[in-house]
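Asks: Following the hints, put chain U in place on chain V, whose structure we already have.
Protein sequence lines, in the order shown, are assigned to chains V and U.
Following our numbering, the numbering of the first sequence begins with 2 at its first residue and continues without gaps.
Following our numbering, the numbering of the second sequence begins with 2 at its first residue and continues without gaps.
By construction, these hints were calculated from the structure, which means they are not laboratory data.
Don't take every hint at face value.
In this list, chains with the same sequence are indistinguishable; a pair is considered to hold if it fits within one copy or across any two.
Straight line, CA to CA, 25 Å or less: simulated DSS-like cross-link-like pairs of lysine-lysine [as the list claims (entries may be wrong)]:
#1 Lys151 x Lys50
#2 Lys208 x Lys50
#3 Lys44 x Lys158
#4 Lys50 x Lys273
#5 Lys262 x Lys273
#6 Lys281 x Lys50
#7 Lys262 x Lys205
#8 Lys44 x Lys276
#9 Lys43 x Lys147
#10 Lys44 x Lys273
#11 Lys157 x Lys50
#12 Lys43 x Lys273
#13 Lys276 x Lys50
#14 Lys276 x Lys43
#15 Lys281 x Lys44
The chain contents come next:
There are 2 protein chains.
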Amino acid sequence: MPVATRAAVKGLQPEQVAATGAEVMLCNTYHLHLRPGEAIVKKLGGLHKFSGWSGPILTDSGGFQVFSLANIRRISENGVYFKDTQDGREVLITPEKSMQIQFDLGSDIIMAFDDLTGLSLEAIGRTEEAFERTHRWLERSITEFKKLTKNLPVSKKPLLFGIVQGGLDQKLRARSLELIQAQPVDGIAIGGLAVGEPRPQMYKMLKFLAPRYDVNRPRYLMGVGEPVDMRLAIENGIDMFDCVLPTRNGRHGQVWITGDKKLNLSNAIFTKDSKPIDSKCDCQTCQVGYSRAFIRHLLRVQDPLAGSLASIHNLHYLACLCEEYR
Amino acid sequence: MPVATRAAVKGLQPEQVAATGAEVMLCNTYHLHLRPGEAIVKKLGGLHKFSGWSGPILTDSGGFQVFSLANIRRISENGVYFKDTQDGREVLITPEKSMQIQFDLGSDIIMAFDDLTGLSLEAIGRTEEAFERTHRWLERSITEFKKLTKNLPVSKKPLLFGIVQGGLDQKLRARSLELIQAQPVDGIAIGGLAVGEPRPQMYKMLKFLAPRYDVNRPRYLMGVGEPVDMRLAIENGIDMFDCVLPTRNGRHGQVWITGDKKLNLSNAIFTKDSKPIDSKCDCQTCQVGYSRAFIRHLLRVQDPLAGSLASIHNLHYLACLCEEYR
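Bound-form chain V, shown alone (with noise of 0.2 Å):
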């Protein structure tokens, strides 16, 4: 799923966006819910017809902004404050709010609002208390979420999805993937992973998870996109991924070719090759035929048009990675 955080997948058309083959947008609840707010987008006909973008949406519940904005939030029981940097105004989110916000943008795969920790010491000291809360704030999350849904008919109403945490605790994960198992959730995710730790401590975990999930629903590893990553996870048992990597790198100039290999664009190296980014990769930008030293001088003449060739390149790179696995 590509990140289109604020409603647009940074400098792309989302037709451009569906041409990869990306199937799912994620959006982000807590930076829409301030810019440019749930009612605006409510108001305009819900994220879809906001955007642009027809199939799938899937909104992050802000649970992930309870880690990546550690620095201007703070936790409580009822829900998380955040501090907006724009304007200075205190947010709260609560498993409550997550879900109202949500539900105003229309969403189609609503995340539940969880406790995410990472992996510093303040972090490590809570990793109990927090996989604590995040299925207290589950259960809230569903109270709230059949509240708003009960009055749908099934084929509108959105999906819901849990997401078990539990830091690197082997008897936390397994406990965590229990009771959100035995939710009536629609899917379930993988959090708190792909957040600094060792990569073969992430590979343990998620050897551990496979053989334990319910078959019967889909299984999301949030905020993983690299794709050595994404393919130890297809071979156990992950169905969905989303992450910034394929279009934050791309507007860097940093792109994946046939064997998993990586270019940066930017490197000299790349100032007279004529050569599509790869030549057996079929996306738009290798298919126009676009040159890594035209991309290139686009990078370093600060063209926004670079990002968008590289990232179109990524997101394709992506979709045939799991086309494959299917």
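Replies: Structure of chain U alone, referenced to chain V:
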């Protein structure tokens, strides 16, 4: 002609530019000489292959930079010394050098190298000097152009346009036009207007020049792109225009709508506006139906997609204006 200073219309793929109805792309000799350099563009097959633009390309001679980079250049009879602000090196552009660069870039319409003055006191003081020099430099441009193209079959030969100067002095302008039309140039460009003079003065000059043009050669008014100015110019014999306005304004959220009116989409009044930029417009942005509210949101969160969508609309607006007059 949309301006692709550094071989790309910022943020847009050539096919997106072509879809607006624009037929010729303008690139800048001076900027491409600095980065990536004409040798690299030539090695990569010329500007068309490099940029992916398959229509005609006109290259500005670098003469405009004599004006726009006035604080980092020094003029001599031989040519103009510029300072590359990025690495401090001094770069000499002579009429011969300008022809060589444009030829190596693979331009379809090559502009003579001229000495363009503005309206500052220093500039006014040297109007006559610049006028004289422009004609000496035109002769040198023609000589070099002939040398470069002498072995080319007619079908491969680029065109050469001469540039009329003379500031706001009718006598100088009439003489300049006469001198330039006496030369074997393929088109007549009017330079040195739209450089800050009051609109009525530009209009007066365009009307003064109108009956004096050679009707067998295309006439190109340089640097003009406001609809109201284009209309008056077309009605006074002008065939071609280039301007950064449609794209630069677009990146700042300024768009034209039916009746040559301007909207600034950054304005808060568009926060909930579900209408497309112009409901009468059939550009891709308006046809997909991106709302003013969505584009305003993209501007606010600094997504380059805002600039792309507004640029597409503005370029189409000007292409339609020309179509209307045809």
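Asks: State for each hint whether it applies.
Replies: Taking the hints in turn, this is what the structure says about them:
no. : hint            : in the structure
1   : Lys151 x Lys50  : within (23 Å within a copy, 58 Å between copies)
2   : Lys208 x Lys50  : neither (40 Å within a copy, 49 Å between copies)
3   : Lys44 x Lys158  : within (19 Å within a copy, 57 Å between copies)
4   : Lys50 x Lys273  : between (43 Å within a copy, 13 Å between copies)
5   : Lys262 x Lys273 : within (20 Å within a copy, 45 Å between copies)
6   : Lys281 x Lys50  : between (35 Å within a copy, 20 Å between copies)
7   : Lys262 x Lys205 : within (23 Å within a copy, 62 Å between copies)
8   : Lys44 x Lys276  : between (47 Å within a copy, 13 Å between copies)
9   : Lys43 x Lys147  : within (19 Å within a copy, 64 Å between copies)
10  : Lys44 x Lys273  : between (50 Å within a copy, 7 Å between copies)
11  : Lys157 x Lys50  : within (15 Å within a copy, 49 Å between copies)
12  : Lys43 x Lys273  : between (49 Å within a copy, 10 Å between copies)
13  : Lys276 x Lys50  : between (38 Å within a copy, 12 Å between copies)
14  : Lys276 x Lys43  : between (45 Å within a copy, 15 Å between copies)
15  : Lys281 x Lys44  : between (44 Å within a copy, 23 Å between copies)
Hint 2 from the earlier list is the only one contradicted by this structure; the remaining hints agree with it.
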